[in-house]
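Colleague: Sequence:
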Amino acid sequence: MAITGAKDLRRTDNENSEPLLKTNVLDLFDQHATRSPNGIAAEFHGQAVTYGGLYNASILVALELRNRGFRPRDRVPLVTSMGLEMVASVLGILRLGASYCPIDFKAWSLERVIATLKAVGSRLVLSTVDTTIAGYELVRVPEMLGKHDPITQGAMEELRLIRNDMRQSDLIYIIFTSGTTGKPKGVMVPHSSAAHLVQQSFPGAMRGSPGEKVLLFFSVAFDGCAGVIFSTICHGGTLAMAQPSDVINTASSCSTLILTPSMLASLEPTPEFDCVHSIYMGGEAPTETLVRVWTSPTRKVYNCYGPTECTTAVSTVEMVPGGPIVLGHLVSDVEIVLLDENLENEVPQGEICIRGPCLAVGYLNMEALTQQKFFFRDGVRHYRTGDLARRDEEGLHFVARVDRVVKNRGFLINLEAEVEPALRDFPGVEKAAAFLLQKQLVGFVTPSKTPVETLHGHLAQRFDAFIIPDLIFAIDDFPLTSNGKVDTRALQEMATNEVDYRLQNSQGIDGDKCPALDVVLKAFASIFNRPVSQIPSTASFRGLGGNSLTAVKLQSHLRRANLSLMLGKVFELDTAAAIARAAVSMNYNADHIGSTDGKPSTTPLTPHQLELLRETEIDPSSNYNFYCLTRTIAHSSITPERLREAWEMMFTRHAIYRTTFDLDTKAQTVHTATDIDWREFTALDHEEMKAISKREREVLWTILRSQKSPTRILKPHFWIVEVPGNAIQMNWLVHHVYTDAWSLAILLGELEIIINGDAAVLPMAPSYEVLAQHLNREAKLQATMIRDFWSSYTRPWTYLRPVQLSAPREPSGQPWDRWESDIPLKVESLGVFARQHGVSSAIVIYTAWALVLTEYTKSDTVGMKISVSGRNIDHPAVERVVGSLNGRCPLLVQTRKDATIGETMRSLQSTFLRVNDYQWTYPELKGHVVRVFGDETYWFDSQVVVLLDMPVDTSHWGIFEVQKPTAPIWLGVIQGFDMFNMRLRYDGSRYANDSVEGMGRRFIDKLTRLVNSPLNRTIGDLGHGSD
9 MAITGAKDLR RTDNENSEPL LKTNVLDLFD QHATRSPNGI AAEFHGQAVT
59 YGGLYNASIL VALELRNRGF RPRDRVPLVT SMGLEMVASV LGILRLGASY
109 CPIDFKAWSL ERVIATLKAV GSRLVLSTVD TTIAGYELVR VPEMLGKHDP
159 ITQGAMEELR LIRNDMRQSD LIYIIFTSGT TGKPKGVMVP HSSAAHLVQQ
209 SFPGAMRGSP GEKVLLFFSV AFDGCAGVIF STICHGGTLA MAQPSDVINT
259 ASSCSTLILT PSMLASLEPT PEFDCVHSIY MGGEAPTETL VRVWTSPTRK
309 VYNCYGPTEC TTAVSTVEMV PGGPIVLGHL VSDVEIVLLD ENLENEVPQG
359 EICIRGPCLA VGYLNMEALT QQKFFFRDGV RHYRTGDLAR RDEEGLHFVA
409 RVDRVVKNRG FLINLEAEVE PALRDFPGVE KAAAFLLQKQ LVGFVTPSKT
459 PVETLHGHLA QRFDAFIIPD LIFAIDDFPL TSNGKVDTRA LQEMATNEVD
509 YRLQNSQGID GDKCPALDVV LKAFASIFNR PVSQIPSTAS FRGLGGNSLT
559 AVKLQSHLRR ANLSLMLGKV FELDTAAAIA RAAVSMNYNA DHIGSTDGKP
609 STTPLTPHQL ELLRETEIDP SSNYNFYCLT RTIAHSSITP ERLREAWEMM
659 FTRHAIYRTT FDLDTKAQTV HTATDIDWRE FTALDHEEMK AISKREREVL
709 WTILRSQKSP TRILKPHFWI VEVPGNAIQM NWLVHHVYTD AWSLAILLGE
759 LEIIINGDAA VLPMAPSYEV LAQHLNREAK LQATMIRDFW SSYTRPWTYL
809 RPVQLSAPRE PSGQPWDRWE SDIPLKVESL GVFARQHGVS SAIVIYTAWA
859 LVLTEYTKSD TVGMKISVSG RNIDHPAVER VVGSLNGRCP LLVQTRKDAT
909 IGETMRSLQS TFLRVNDYQW TYPELKGHVV RVFGDETYWF DSQVVVLLDM
959 PVDTSHWGIF EVQKPTAPIW LGVIQGFDMF NMRLRYDGSR YANDSVEGMG
1009 RRFIDKLTRL VNSPLNRTIG DLGHGSD
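In my numbering, the protein residues as written are 9 to 1035.
As a list, the in silico EDC-like pairs of lysine to aspartate or glutamate whose alpha-carbon atoms are at most 16 Å apart:
1. LYS30 x ASP173
2. LYS381 x GLU352
3. LYS447 x GLU501
4. LYS674 x GLU623
5. LYS723 x GLU656
6. LYS834 x GLU119
7. LYS698 x GLU688
8. LYS381 x GLU349
9. LYS381 x GLU359
10. LYS114 x GLU836
11. LYS381 x ASP348
To be clear, the hints were calculated from the coordinates, so they are not data collected in a lab.
Model the full structure from these sequences, guided by the hints.
Modeller: Here it is in structure tokens:
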């Protein structure tokens, strides 16, 4: 049940003397909902809600919360993420007279979520996301809003009485920030403070008026989110809600942007932002560069300042290029004073202390901390911010933070409140200190007998990666200053000397023996974004966070130095010194990797090309990719004609697009002319644009499916749909033999360069024909080795079994059905778990799917096809060539219930790395299996595609891709901003929808349980499906 707050409806006479709340944010919102019910209150992902709709939704939420046991002045935990339902939930909670406690489901770790829920004290949780939290009952907002029960007059009267009983000190929200013990602390903000803020009218005050669109890009758990929401909907404006994937398109449609300086720095002040007339920055100190590049005759840039404890913002000022960056106009009745370290006297430079109606009530369940941070001076309550400022004739200048808050790996962390308590959490550690040194987070602990490696593993299990020091030293005791404080400078000197000693010691031994070591050390430094001086020869590739993608990058660095190393060897050798000793010199002539001389030429097909074309011969619609790329073109010079010119230039540059293929002769011929099927359409709006694109796509799919025995591969088809002055959509149907995901990244990069008029800077494109010749030579040279490898690899084949799923009662009318779901797992959490076990993140995902397959096949030996980049081939042009190298890697997994999770994953990674070095000879596997086991033997019925850190830059284009799966069950795991999404596509004529959905949910369960497992857990502990 929900726990009622400190103040209850049943008040004493003394409590009833407290002033009633004259105006709150709900009153201001309701005025606009009554006045303009059809006005748009919020937009998200192409959907919108009106003021009237949002008003009705908030009533439904309030009444359902009441029915579930919540009461006025309760604290309601809200597990949510960006979306229209989030705003309705916030208003519904407030309408009940309760306060909301926002929890960002996508951004927070499970540990932080649980700690916050414990602090709030409610076992009943309001949620807009589909998840479960052990020990808590979730009330789901989508289910509330789906109800259509009539709202009675009695219910409305009850809500009116609740509103009339609100007091000024009643809480509106509790925002949780990092606490002094590493636990979240809840900042309790009253209704009066929020209402006071949104009613400001000083010059530059943020007010989203009717007709104005205001960007909402902050996390719901950040107090800036509350500020944006209420300052907009209380004045009749429209919230334009965005996620990282669509923030550019959304922001460019807004009149007002409210961002941190770091967020703004990620955008470019291009003409597409001309409609933005106001930009508000807060949360960090803005830079002069940002002020200069974003200010224009039609756009003003403001600097906002205010801690969470003072209700979002207490100061706003318009900034002028070249002028001072100062704190400006204060919220009415708010004062800022600079006090000395004793908080007694006002000084020209001192700690910012704030007083006035903006102050929070205090910290939830933390009375001591509340008294420490909120203090009385001259009978007036103040809040000490922990920020230093300087006052002069120009105004108030922000100087620095008093507490030790630093940025590590892009995250703002508190050394005293987060890092040092984490170090002290390890049994046996007595003292801990932390600091940044040369861009690395360094930790010191006592006593010297502390096992540092074990401590590192302990931290990796319990804390986010950006909290964990890169270097940890254990010493007998800390040096002290004359004041009796830890001498941080002395510790920094100790750390510098120790790192230098390690570096000199390792390089003195290995440097003379191995000339390649310098190349490898520089490669490690570049890949892992660290100073080369901090990379010793003993540096571990796995320990630094290496995965399959970074291994490919390492190979790239080696190739540029005319060195090569098989991908499987990178993880096997691990250390920089061992990798350097194993790298061998390549003897390729750089003059022979470029484009052909323009004359027609013929080259044998590669094994991968041959496999793709044979599959299409059997099924004419297979192996075609459909790409739909959409881009905003307001104030842009991009036109269909310019796009065609760019693509024709790229097709001329890359010989693969002038190539035809002949299965009879098993050859490919490069021609001199480029042949593109190009059509252009004009649409009135986005809906018509989508309709045209869909119509053309369906026509082409029909043509493909109707071909009985294609004599040639359909040439690349483009159809461009333009909404003049608004958006352009580039549709491309292309066979996989021409393009893979890596190639798409290369093409999109070149496209931007060409349409920007910089085509002259493009280097000569390497020829796929040259690479094909190399692969065919290697296939002949390594023929015996390849046959021996596949013969050995397929020994467990007879243990493979097909997936057992229910058949549908009535086969689906669709050729392929799909099921999608978010995975409640943070990207960072998966990365930490993978590094802890010395494997890549993709291996963890493959392990989880293998465990699901053991349950659905009743066999301990399972198989799957996985998609890999194919860019680990030993050739200097492999990562720059356009053409299909994306290999299908057959992965066989043998599980034992008595094996630990770590052993199983490391064994799987070893298998993966071995087979990945031979994935380009995949057709040889198929031939071997048929020869040995017969035509009717098992073949893979699932394919797994893991898209982590893929090299496709979609910053300018929104991308939608369709491809017919090459296995009856296709599993895709896609990385979003900080979470994952899974997509299952399957043969609806073979498998029932509910059985596939059950399999998908089982995978999510396996993956999340796997990542949350202790180090010594066995496969059997997770549930071994073949028993």
